[in-house]
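Trainee: The chain contents come next:
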Amino acid sequence: MAYAVEMSNICKSFNKGKVQALDGVNFTLGRAKIHGILGENGAGKTTLMNVLFGLYRADSGTICVNGKPVEIHRPKDARALGIGMVHQHFMLVRTMTVAENVVLGLPSSKAPFLDIKSATSKLLELSNVFGLKIDPGAKVWQLSVGEQQRAEIVSVLYRGVDILILDEPTAVLTPAETRDFFKMLGKMKAEGKSVVLITHKLEEIFDIADEATVLRNGKLACSTEVSNTSKQELTRMMVGKDVLFNLKKSSYEKNALDSNERLKVKNLSALNNKGLSALDNLNFSIEAGEILGVAGVDGNGQSELCEVLTGLRRIESGDISVNGTSCTGREPKAFIDLGVAHIPEDRHMTGMAMNMDVSRNLIIKDFDRKEYSFLGILKSGAIERNADRAIAEYEIKTSGAEARVRELSGGNQQKIILARELGKNPKVIIANQPTRGLDIGATEYVRQKLLEARDNGAAILLVSADLEEIMQLSDRIAVMYRGRMTGIVPGASTMEEIGLMMAGYDNTKPEACNA
Amino acid sequence: MTEATAKSAFNSVISAVTAVFTALIFGFVLLWVCGYDAVKAYTTMFNGAFGSANRFAETIVKTIPLTVMALGTAIAFKSKIWNIGGNGQFIVGGALSLYVALNFKLPALIMFPLSIFMAFAGGALWGGLAGYLKAKYNANEVITTLMLNYIASFLLAWLVRGPMMDPAGFGFPQTPLIDKSLQLSSLLAGTRLHSGFIIAVIIVILCWILSRSIFGFRMELIGESHEVAAYSGINVKKTTLMTMLISGGLAGLAGWNEVFGLHHRLLDDVAGNYGSMAIVIALLGGLHPLGIFVSGLLFSALLVGGGTMQRMSGIPLSLVDIIQGTVIIFVISRAALTLKSK
Ligand SMILES: Nc1ncnc2c1ncn2[C@@H]1O[C@H](COP(=O)(O)OP(=O)(O)OP(=O)(O)O)[C@@H](O)[C@H]1O
Ligand SMILES: [Mg+2]
Chain A
1 MAYAVEMSNI
11 CKSFNKGKVQ
21 ALDGVNFTLG
31 RAKIHGILGE
41 NGAGKTTLMN
51 VLFGLYRADS
61 GTICVNGKPV
71 EIHRPKDARA
81 LGIGMVHQHF
91 MLVRTMTVAE
101 NVVLGLPSSK
111 APFLDIKSAT
121 SKLLELSNVF
131 GLKIDPGAKV
141 WQLSVGEQQR
151 AEIVSVLYRG
161 VDILILDEPT
171 AVLTPAETRD
181 FFKMLGKMKA
191 EGKSVVLITH
201 KLEEIFDIAD
211 EATVLRNGKL
221 ACSTEVSNTS
231 KQELTRMMVG
241 KDVLFNLKKS
251 SYEKNALDSN
261 ERLKVKNLSA
271 LNNKGLSALD
281 NLNFSIEAGE
291 ILGVAGVDGN
301 GQSELCEVLT
311 GLRRIESGDI
321 SVNGTSCTGR
331 EPKAFIDLGV
341 AHIPEDRHMT
351 GMAMNMDVSR
361 NLIIKDFDRK
371 EYSFLGILKS
381 GAIERNADRA
391 IAEYEIKTSG
401 AEARVRELSG
411 GNQQKIILAR
421 ELGKNPKVII
431 ANQPTRGLDI
441 GATEYVRQKL
451 LEARDNGAAI
461 LLVSADLEEI
471 MQLSDRIAVM
481 YRGRMTGIVP
491 GASTMEEIGL
501 MMAGYDNTKP
511 EACNA
Chain B
1 MTEATAKSAF
11 NSVISAVTAV
21 FTALIFGFVL
31 LWVCGYDAVK
41 AYTTMFNGAF
51 GSANRFAETI
61 VKTIPLTVMA
71 LGTAIAFKSK
81 IWNIGGNGQF
91 IVGGALSLYV
101 ALNFKLPALI
111 MFPLSIFMAF
121 AGGALWGGLA
131 GYLKAKYNAN
141 EVITTLMLNY
151 IASFLLAWLV
161 RGPMMDPAGF
171 GFPQTPLIDK
181 SLQLSSLLAG
191 TRLHSGFIIA
201 VIIVILCWIL
211 SRSIFGFRME
221 LIGESHEVAA
231 YSGINVKKTT
241 LMTMLISGGL
251 AGLAGWNEVF
261 GLHHRLLDDV
271 AGNYGSMAIV
281 IALLGGLHPL
291 GIFVSGLLFS
301 ALLVGGGTMQ
311 RMSGIPLSLV
321 DIIQGTVIIF
331 VISRAALTLK
341 SK
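Chains as they are written, first to last, in the working numbering: chain A, 1 to 515; chain B, 1 to 342.
Please keep in mind that the hints were generated in silico from the structure rather than gathered at the bench. Hints should not be assumed to be uniformly reliable.
[Stated by the list, open to error] Using 27 angstroms as the maximum straight-line C-alpha spacing, the simulated BS3-like pairs for lysine-lysine come out as follows:
#1 Lys-80(B) x Lys-365(A)
#2 Lys-370(A) x Lys-78(B)
#3 Lys-397(A) x Lys-7(B)
#4 Lys-117(A) x Lys-133(A)
#5 Lys-136(B) x Lys-365(A)
#6 Lys-231(A) x Lys-187(A)
#7 Lys-424(A) x Lys-449(A)
#8 Lys-238(B) x Lys-370(A)
#9 Lys-274(A) x Lys-117(A)
#10 Lys-7(B) x Lys-379(A)
#11 Lys-219(A) x Lys-397(A)
#12 Lys-219(A) x Lys-68(A)
[To be verified] Selected chain A positions facing chain B (Cβ under 7 angstroms, derived; list incomplete):
#13 Ile-336
#14 Glu-371
#15 Gly-376
#16 Ile-377
The model shown is predicted, which means the values in this text are computed figures rather than measured ones. Ideal Cβ positions, reconstructed from N, Cα and C, are used throughout, including at glycine.
Produce the complete structure using the sequences and hints provided.
Mentor: As C-alpha cells, then:
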C-alpha cells in the first residue's frame with residue numbers, strides 16, 4: 001500500500017543559504033497512521049511541514065501523495081490534495097468572527113452571500129462531537145489563546161481533510177482537553193485519515209502515535225515505529241546525547257514575619273475583551289521566594305489576571321500592590337519599574353516586535369535605561385553585547401543578533417522573551433505558559449531558572465495548562481474557575497484534588513485559603 | 001556607526017536608485033515605441049535637471065521642501081500613522097512664521113530663530129490636532145489630516161486675499177514680501193539656490209539622529225504594534241501625539257524654507273502637490289533619512305528635467321507623468337514585495 005505522504009531528500013535553506021533548515025530529510029506518513037515529529041527548537045519540524053503544505057518551496061527533493069508525485073506550490077494545492085494544517089502560530093483573522101474565518105475562501109451555498117448560519121451550526125456540531133468548546137460568533141481578538149487554538153483546529157476540521165498536520169496543537173490545551181482531542185484523532189484514524197503531530201511532549205507520542213520521526217539540526221535523526229522505541233531512545237535521538245532530568249527544588253519556608261508580601265491583591269475584579277466579568281473579587285498574596293501556581297481550564301480568567309497584574313488591563317474595582325506600593329490604576333511602565341517581569345501567553349501579539357531584530361527585542365523594556373543610551377541616543381555596541389550574551393546563555397538558535405525574530409523558530413522566540421524577562425533579577429514574575437513550545441531541554445532550563453529566581457527572592461505567579469509543571473514548581477496552588485480562585489492549596493496536593501477543583505468543586509477547607 | 005546601520009542606510013539608497021532607474025528604462029522604451037527620439041528626450045531631460053548651474057540650482061530648490069516634508073511624512077509612517085496632511089501642515093507653518101516676520105519688528109538675529117520656531121509650531125499644531133484626535137478618540141488620521149488639508153488651503157486662500165494681502169500687490173492673491181534681512185541668502189550667485197539647503201541638510205542629520213534615539217525606538221515600537229508597545233511600558237497615546245507633532249512640525253519647516261528662501265511671501269496654493277510627492281519620496285527612500293535625501297534629489301531631478309523635456313522636445317507632459325507614475329508603481333510594488341517575501 002502506498003504511503004499517504006512520502007517526502008524524499010528535502011532540502012530548504014533560508015537567507016540565501018546562510019541557514020540550512022532542512023538537509024536531505026526523508027519523511028513517510030503511513031495511511032491511517034498517526035505520526036509524531038520530534039526535535040529540539042529550530043530542528044526544522046515546522047519548516048518540513050510548511051514545505052508539505054506549500055507555504056515554502058523546497059530547494060530540492062520530491063513529494064508523493066498517495067503514491068503519486070505532486071508539486072505543491074501554495075496552500076491551495078495542498079488543500080486540493082486533502083491536506084489541512086493547524087499552524088504553530090495562529091492564522092485566523094483577528095477582526096472577524098470564528099465562523100467568518102471558517103467560511104473564508106470556501107464556496108458558499110448562498111453565493112454571492114456567505115452562509116454564516118449553516119457554518120455556525122456545523123461548527124457547533126463539530127465542536128460537540130470532538131469536545132472542543134468554541135463560540136462561533138465571537139471575534140477572534142476577544143478569545144484567549146486556548147480558545148483560539150481550539151478555533152484553529154475546528155476550522156481546519158470543518159474543511160474536511162484526509163491528511164491533517166498539527167503543529168504543536170496541544171501546547172495550550174489542558175490535560176482533559178488534550179485527552180478529548182486525542183480521542184478525536186483516534187476516530188479520524190479509524191476513518192482512514194492520516195495525522196502528523198508535532199509535539200515536544202514525549203508522552204503524547206506514546207499515548208497516540210503509531211510512528212515517529214526525529215529531526216536534529218535539519219537532518220533526519222531517526223524514523224521508527226513507536227512500539228519499537230523508548231522515551232530514552234527518542235530523547236537521545238533529539239539531543240544527540242543522554243539527558244538526565246533532575247530539577248532541584250529547595251523546600252519553601254514561610255516567612256514568619258509575613259512582611260515579605262511582594263504581590264498582594266484585594267477584592268480584584270476586571271472584565272474580559274467581551275466586556276463580561278473575567279475576574280470576580282479575587283484575594284491573594286505571594287511572598288518573596290514563593291511560587292503560586294495557577295491551574296485551571298484556559299479561559300477562566302487566567303489571562304486577564306496576568307494582564308491586570310502588569311497594568312495592561314484596566315481593573316473595575318479592588319487593589320493591587322507590589323512590594324507594598326499600591327499600583328491600582330497605574331500604567332504598565334509603573335509595574336515594570338517596580339520590578340514586575342511578564343512572560344505573556346501570546347508572544348506574537350504581545351511579547352515581541354516580530355519585524356525587529358533579536359538584539360532590539362531583547363531591550364524593548366530597557367532601551368531607555370542608562371546602560372543602553374547616552375544623551376538619549378541608543379548605544380548599538382551595548383545593545384549588541386547584551387544580545388550576544390543572551391544568545392549564548394539561553395542557547396538561542398539564530399543566524400545572529402541582527403536576524404529578525406520573525407525568522408526564528410517558535411521555541412527560540414520564546415527564549416528571547418525569557419532571556420529578557422528573567423535576565424534582570426525581577427522582584428515579581430508573572431509567567432503565563434512560560435514553557436509553551438519549548439523543547440525538553442529548554443523547558444527544563446526555564447523551570448530551573450524560575451526556581452532560581454524564586455530562591456533569589458522573587459515572587460512568582462505561574463499560570464500553566466500543564467498540570468505537571470504546576471505541581472512540580474509551585475509552593476501553593478490555586479485553581480481558577482469562572483474568574484474566581486477555587487481555594488488555594490499547598491503544593492503537595494494531589495492531581496485528583498486539583499482536577500476536581502478545575503471542574504468547579506471547591507473542596508478546600510476554609511483555613512487553607514489564604515485571604 | 002555599526003555595520004548593521006551602515007547596511008540599512010546603504011540598502012535604502014540603493015533601492016531608491018534602482019526603482020528610479022528601472023522606471024527610466026521603462027519610460028525610454030515607452031518613448032521609443034511611441035515614435036519619439038528617446039535618446040534626445042533623455043539628454044534634454046538630463047540637461048534640464050543638471051545641465052547648467054541654473055538648472056542644477058532649480059533641481060536643488062525643489063529638493064529642499066520635498067525632502068524636509070518627506071522626512072516628516074516618514075516619521076509618522078514609521079509609526080504606522082498615515083499622516084497625509086503634509087500640505088496643510090506646510091501651509092500653517094509657513095503662514096504662521098510669515099505672520100510673525102511681517103508684523104513684529106525684531107532684529108534678524110532674534111527673528112530668524114523665532115520664525116523657524118513658529119513654522120515648526122504651526123505645522124505641529126496642525127499635525128498635533130490629528131494626533132490628538134487619534135490618541136483621544138481613535139479618529140482615523142487619514143481622514144482627519146485630509147480634512148485639515150482642505151481647511152488649511154482655504155485658510156490660505158482667504159489670508160492672501162484678505163487680512164494678509166499685499167496692499168501694493170495690484171490685487172494679486174499674495175502677501176507683501178518679508179524684509180530683505182530675513183530672506184535666506186543665495187548660495188549660488190545668479191540662481192535661485194538659497195541657503196535653506198544647508199538647513200535641509202541639517203534637518204536630514206537631525207532626523208537620522210532621532211531615528212537612533214530613545215524616542216525613535218518608541219515610535220518604531222508603536223509602528224510594530226500597539227500591544228507590544230504597551231507591553232514594553234510605552235505610553236501609546238502620548239507617543240502617538242508626539243509623533244504627529246514632530247511629523248507636522250517638519251512639514252511646517254518645509255513651509256518656512258519655501259517662504260523664507262524662495263518666494264519671500266505667501267502665495268495662493270504655495271504648497272502645490274508637495275504633500276503627495278513627499279509621500280512617494282518617503283516610501284522611495286525606505287523611510288530612512290539618507291534614502292529620503294537621495295530620493296528627494298532624484299525625484300526633483302525627474303520633475304525639473306521632465307518639465308524641460310516637455311518644453312524642449314515636444315513630448316507631451318502626460319508621458320513625463322507616466323514615467324513619474326511608473327516610479328510610484330515601482331515604489332509600491334517594492335514595498336508589497338518586501339512584505340510578501342517574509
Ligand atoms: N522564514 C525564515 N527565515 C529564516 N530562517 C528561518 C525561517 N523559518 C525558519 N527558519 C530557520 O530554520 C530553522 C528551523 O526552523 P523551524 O521553525 O522549522 O523549527 P522547529 O523545529 O519548528 O522549532 P520549534 O520547536 O522551536 O518550533 C531555524 O533555525 C529557523 O531560524
Ligand atoms: Mg516549529
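Trainee: Which earlier hints turn out false for this structure, listed by number in ascending order?
Mentor: 14
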